[in-house]
Structure formats: C-alpha cells, structure tokens
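So the chains spell out like this:
2 protein chains.
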Amino acid sequence: MQIAIVLYDRFTALDAVGPYETLVRLPGAETVFVAERTGPVRSDTGALALTADRTLEEVPAPGIVVVPGGPGQTAQMENEALLDWLRSADASSTWTTSVCTGSLLLAAAGLLQGRRATSHWLALDVLGRLGAQPTGERVVFDGKYVTAAGVSSGIDMGLTLLGRIAGDEHAQAVQLLTEYDPQPPYDAGSPHKAPAHLVEKFRAESRFTLT
Amino acid sequence: MQIAIVLYDRFTALDAVGPYETLVRLPGAETVFVAERTGPVRSDTGALALTADRTLEEVPAPGIVVVPGGPGQTAQMENEALLDWLRSADASSTWTTSVCTGSLLLAAAGLLQGRRATSHWLALDVLGRLGAQPTGERVVFDGKYVTAAGVSSGIDMGLTLLGRIAGDEHAQAVQLLTEYDPQPPYDAGSPHKAPAHLVEKFRAESRFTLT
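Protein chains in written order, with the numbering used here: chain A, 1 to 211; chain B, 1 to 211.
Any given hint might turn out to be false.
[As the list claims (entries may be wrong)] Which bits of chain A does chain B cover? Going by a derived footprint, with three or more residues having C-beta under 8 Å, they are:
(1) 12-18
(2) 26-34
(3) 141-155
(4) 159-168
(5) 174-183
Source of the hints: derived by calculation from the structure; they are not laboratory data. Since this is a predicted model, take the numbers as computed values, not measurements. Glycine included, each C-beta is placed from N, C-alpha and C at the ideal position.
Only chain A is shown next, with the shape it has when bound in the complex (with noise of 0.2 Å):
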C-alpha cells in the first residue's frame, strides 16, 4: 500500500511530518510526498523545504491519502489540478485523511459532505460553510474519512489510525519508540483551555474571518 503525503506551497511542516512519523512504520507500505512539481516544496514560515519525491500523477491510487493544512491552503481551494487528483486518489483510497485545514481541501473537493470531520479550531466555522459537520472533537472517523484538528494533532491521528490498520500493539510499539508520552509546558493547547484574551486575539486576526 502507498501513504501519499501531499505537499504545496506554505503547508504548515508539523502538520504532514506528525502523520509522517507515526504511519511510515505501517507494515509493508511505502509512503511517498507528492506534489504537483517534485523538488522542494516551501513550508509557510519560509524556513524549511519538504522534497516531493513524485508528482500527483505518478502516484494515482494511495491507499492512504493525507492532507496537510497550512496558510498555503487557502491559494489551493480552486486548483482545480489537486481537487481533482483529491477525487481521483479518494476513489479508490482505503482511508482519506487530512490535518488541520487540510480537511477544507477535501470539503472543497466534495469529499466531506455531510460528514462529521474537523479542521483547526480557527476553520471549523469555514468547514462547516463547505458542508461538513464540524466537530470540536481531536480526530474524528467518519467511514475511511479521518480528520484531524490543527498542526500537531496528525500525530494522535496518525497514531490512532496506525492502531485500527496493524492493531494496538503495533501502534504502542511506534508511540514507544517515538517516546510520545507528551509533557506540554502548559495548559494551553486548545481555544477551551488557552487564556481567552488570547483565543479572542487569533479569532479577530483570522485569516478565516472574512471568507
């Protein structure tokens, strides 16, 4: 089975390199990063490039599609090149996953009508307009549909979805290696638990407040 991690311009590092690092060690798969062009593909804050080692095309039918989010996705919604390839490889993928505002790709290619699915706290109110059913849940299955919420949240998905394929000892095992027993500093991870001053600043600065 082929994992295609998809890769454009300015898509948030953390968000493929979490499901990356956990899904890489499913059994017998090989996981590729595609893009429309291979080479370097710039993440949003300038500093590092990913290598897409194949183009969409080059790689037609992943058992595993995911998507990752990031200030670049908003120049994807009508690329019309990746929505089409997100329908084509959805059509015989075994699961279809995406983190962050990486999920507002696949509403925008259609796959997440009606669905329960999630997005970045910051979108959820845009994945909704696209036609999801947003929920404030960390992951959320929906069928083979696996969305996970912002950034760093694709490593409990990745792990989580790593459990239901090669079963829960395998996905210990990869937890255990990756020593993912995680110690945040504080408290402050979600708009339900960060000082509010602070969850009212990114609303009224969002990107997705106008759109």
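Go by the hints and put chain B onto chain A.
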C-alpha cells in the same frame, strides 16, 4: 538571533520538525536548516528529505543550536567536521539543544561532561558512558544546555524554551496556534508506561546494546 537546526544523513524527521515548528515563532529570530552540504538531506526512513539551506560554515555563530537524533547519529560520532562545528557554535551560543540521540553528538563533542541531560530512553546508558548525567526527565535544562528525550519530545522542548526566552504568554499563544493539546490514543509513550514485553523487545534489539 539565528536558530540553526542541524541535519545529517538518516536523522529522524520529527526530532527536527518538532522544535522547528515552535522555535520558528520566536520573535526576531531567523531559523535556518544547516548541514555539511546544502540541498536535500534524507531522513532515517528514506521516505522524506528536508532541505539544508546553508552549510555549517555559513552559520558559524547561531544563538540557538538544535541537534536532532536518529539512526544516522552513530555515523556522525566521529565526524570531526560536525563535532568541530558544534564546539565552535556552542562557544558563542545562548542555548545549545538536542532531541533524542542528538544529545550523544553533543556529548561526543565534549559539551555535556558532568551535565544533567537526557536522550531517547534506549540511549540513556550510552549518554552516561559519554560523561553526562542522564536523567529520566523529558526535557532537561542544565545551564544553557537543553536536551530532550526521544523524537516527539522536541515539541515539549521547543515550547518550554520558547517560554523561557519570549515569556509564558508567547509560548501559550504558539501552543494554541499549533493546537498542541495532545490526546494520544494509548498511554505507552515511555518505558515506564508501555507494555513490558515491548520495552524488553526493543532493549534487546537496540543498536545501543553493544556500544
């Protein structure tokens, strides 16, 4: 201030990308991925390459040094070009940091003699034999030296260091924007929590057993 994240053949991607995704949001800092040669550097699985944008020589005096770990660390333990750069960069750095077996490289460069430090749980014994004082903690500060445990712990390290430098509120804002509210599907992320037979299996297979 420059933040230099060191790449080398067969590093572990999340070791580098976890601290990157948090520290890149340090106000006024420039994050740069460095390696002996510029261009794509393959991670341990072969499925992902990150781009080194600068050579080590081009970034002689970063304010923060970040050294990831990974299976490729072993081959770097006698790479004097890298070790010399680490010593030289450390001479003027404000913070010298590592994730996973990156601490073994700091130790090999002579930077952790007698210091409290950590590493991947499978490498703590080796870290001690290299002259450091290994602890079982996830993120260890000893003066300007900050070491993190295995792979995913670099996120906690990056966020903690960000708080030390830029203040709690800024770090909380970054935690909120990266939605770092971890919900692992299992409680198996440390050798104290994972099923004992998995811990024993990996200890028996470890590349550190005979070193």
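Hint check:
1. Restraint check on the stretch 12-18 of chain A versus chain B: 5 residues with Cβ-Cβ distances below 8 Å, three needed, restraint holds.
2. Under the rule that three or more residues need a Cβ within less than 8 Å of chain B, the assignment of the stretch 26-34 of chain A holds, with 4 such residues.
3. Check result for the stretch 141-155 of chain A against chain B: holds, 6 residues qualifying (beta carbon to beta carbon below 8 Å, three or more required).
4. Proximity of the stretch 159-168 of chain A to chain B, defined as three or more residues with a beta carbon under 8 Å from a beta carbon of that chain, is established by the 4 residues found.
5. Under the rule that three or more residues need a Cβ within less than 8 Å of chain B, the assignment of the stretch 174-183 of chain A holds, with 9 such residues.
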